[in-house]
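Residues per chain, in single letters:
Number of protein chains: 2
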Amino acid sequence: MPADAKIFFKQRVMTPGPTDVPPAVLLEMAQPIIHHRTKQFQAIFVQMTGRLANLFRTKGTVLTLAGSGTTAFESAMISLAKPGSKVITIAGGKFGERWQDIYDQYAPSLQVENIKINVPWGQAVTAQQVADALAANPTASVVALVHSETSTATACDLKAIAQVVSKSNAVLIADSITGVGALPMSMDEWGVDCVVTGSQKALMLPPGLGFVALGARAQERLKEVKAGAYYNLDLRRWVKAMADNDLPFTAPVSLIRGQNVALELIEKEGLETIWGRVAKLATASRAAFAAMGLKLISASPSDSVTGVFYPAGVEDSKFRGALRDKYGLHVAGGQDGRGAKWKTSILRISHMGYVDAGDTLAVLAAIEAELRTLGQKIDPGCALAAAAKVLAG
Amino acid sequence: MPADAKIFFKQRVMTPGPTDVPPAVLLEMAQPIIHHRTKQFQAIFVQMTGRLANLFRTKGTVLTLAGSGTTAFESAMISLAKPGSKVITIAGGKFGERWQDIYDQYAPSLQVENIKINVPWGQAVTAQQVADALAANPTASVVALVHSETSTATACDLKAIAQVVSKSNAVLIADSITGVGALPMSMDEWGVDCVVTGSQKALMLPPGLGFVALGARAQERLKEVKAGAYYNLDLRRWVKAMADNDLPFTAPVSLIRGQNVALELIEKEGLETIWGRVAKLATASRAAFAAMGLKLISASPSDSVTGVFYPAGVEDSKFRGALRDKYGLHVAGGQDGRGAKWKTSILRISHMGYVDAGDTLAVLAAIEAELRTLGQKIDPGCALAAAAKVLAG
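These protein sequence lines are chains P and D, in that order.
FYI, numbering that gives the first Met the number 0 numbers position 148 of the first sequence as 147, with every residue one higher than the one before it.
FYI, numbering that gives the first Met the number 0 numbers position 190 of the second sequence as 189, with every residue one higher than the one before it.
Chain P with its partners taken away, still in its complex shape:
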């Protein structure tokens, strides 16, 4: 046998978004275009919206925006903040920092005072910290935070935080872009006012759709607040169109068709089953990394994405390049932000969406093999044995 026998050759996307898309969804998106002002499309849109509500576990309104998760989060932030009020933005990673930047950017038009809470990267904000911030700023109109911070593979206790915020004057806007559909989240039961996600993570679609779910308090807030200088992102337009089961601008029909099928797959499998699988894949991965002697980047790990620090001497771009070129495995590196510079020091893999134990074993086997190639002292098979023990449990 030649020494260079390429034993991995399938392309496996294990990045925390975009994630792989099931064949049934790809085929649905390959259907001929239909016009968006037709009964045929409206029926699909209504069905998809109902399925989204089940996914968020809300009786509120779920809006579907053509755009990214950032489109959706920005629209929620600027539509729900009271002009001239205080807003509390909480960051412990790259995405939390982005939401802080957005209110800074809108300062000239919204006149908000941006109260920033920053926790160290890899740590989760606590309900007590949020309670303290609200006590110090009782007139704050918004608390914006990240449920599952993808850049640091960290999840906070959103349920406990929602209980705190629901007693205040502020509405809570949660970035659950790598939470919804992967981690337990019950919007109405927990009292989260506004939850945002995107199509390209646990929702198993290509990038292109952002979703904003609005509970009762958030819908009330929309009525109170006058529209700002923005147009497309003004959620009032989207809520108004929803009264006619419509979108205010040209609907991305193929993505919506695909999303409807992806949500049907989720519905058939059952949310609790999916949450259980994601948790198990994450637990197995953490066990495998521990067996290889790699340290987690998070003190409060999210189950949707696992991040570890590289061992000394392993070079990020070369390592991920080798995983990609030699094993067909696409994983994520890190990012630089105000709270940390992790661009070249960490590795992250996803457990969301269309990824199962087989894919997870593949990426762990490849990481182990490549680390050994680079001279790391790792017992052959130890990562897989550790993961298999968890999966078998």
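These aren't lab readings, by the way, just hints derived from the structure by calculation.
Quick reminder that beta carbons are idealized off the backbone N, C-alpha and C, glycines included.
Be aware that one or more of the hints could be misleading.
Label pairs and their calculated CB-CB ranges [stated by the list, open to error]:
hint : chain 1 : residue 1 : chain 2 : residue 2 : range
1    : D       : Asp324    : P       : Glu263    : 15 to 23 Å
2    : P       : Lys294    : D       : Leu373    : 36 to 44 Å
3    : P       : Lys166    : D       : Gly312    : 56 to 64 Å
4    : P       : Lys294    : D       : Lys158    : 47 to 55 Å
5    : D       : Asp324    : P       : Gln46     : 26 to 34 Å
Computed footprint of chain D on chain P, listed as stretches where at least three residues anywhere in the stretch have a Cβ under 8 Å from a Cβ of chain D [unchecked claim]:
hint : segment
6    : 7-13
7    : 351-365
8    : 373-383
Following the hints, position chain D against chain P.
Chain D only, in chain P's frame:
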């Protein structure tokens, strides 16, 4: 986490045919139909035929028949045997026995005397056994045997056997349906007169095409022998059409388009690389089965398919049903024949075609997990650790 968290959910076809098909091939087959009497189709057909010749490693003619591997093998047997002569058929499994049956079936029209050599299932015929049979039957016009016997996961030394047969009056017809593209095979260099394969194994296409490669001696034989009572399967028609780069009957255009792309993928990767990978996946699987205490069914294992006996108390249909329903993993059971009754006593997995280390780890993990569920005493993770050690070597 719920106890029933379904950690495997992707469908993985690990049967020794049909095997999974790469997306690029599926997309090519989804192209609109073109007519088979066009320059556009002819260009594709010529390119595919050239690639097939490279795959078989022959300067001879490779024929593409609409049908199965059996279609192709039957056509070779009846087109190459001299009516009224002796034919030597060698079986050590279900497929070898089928080829023996075919000459029996044609006895009224071909008047051949069928000299049957049977070796125990799980063993390979030796070059010495073939030499002895030819010495006892020096006028035999055909030796028909199986290179890689799928039913028993057994490979013979085709190269040594071809050396023996090439010195006789017989032409050698080798069923390499699970050999070509998976196991080392160099038709011209080894002196194999006729090699048969099918599209649904290492050639990464859905079932539907059979291939017959004819070396110089086989082409000579075709000229010597008068056509029998058969029509569609008379290879003379196919060879004649090939002079015009054509097929004698309506060409399966979509399958041929797909096959051309699949062969391009094989060409890009390189045959030696593929042989090396198949061997490594098989070696890793055998190590994993050994770690689980499962006994191989073959004393001369083929690298394209691995078979093991179930441990006592494990029921075939329930076990494979559980792999399918709980893990999405499709594996093969056994078959009954004259030489053995293995229908419910063995399990087989494939290493051919569009299957890589990730898929192999998935099926081994699932087999280990399910055996443990059934109460087999197996250390969790032992199969994966054993496989990973081989893959890392």
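Hint check:
1. Asp324(D) / Glu263(P): 15 to 23 Å: The hint (15 to 23 Å, Cβ to Cβ) holds, given that Asp324(D) and Glu263(P) are roughly 20 Å apart.
2. Lys294(P) / Leu373(D): 36 to 44 Å: holds (38 Å)
3. Lys166(P) / Gly312(D): 56 to 64 Å: holds (60 Å)
4. Lys294(P) / Lys158(D): 47 to 55 Å: holds (52 Å)
5. Asp324(D) / Gln46(P): 26 to 34 Å: Holds - the Cβ-Cβ distance for Asp324(D) and Gln46(P), about 28 Å, lies within 26 to 34 Å.
6. 7-13: holds (count 4)
7. 351-365: The restraint on the segment 351-365 of chain P holds, since 8 of its residues have a Cβ under 8 Å from chain D and three suffice.
8. 373-383: holds (count 5)
In this structure, every one of the numbered hints holds.
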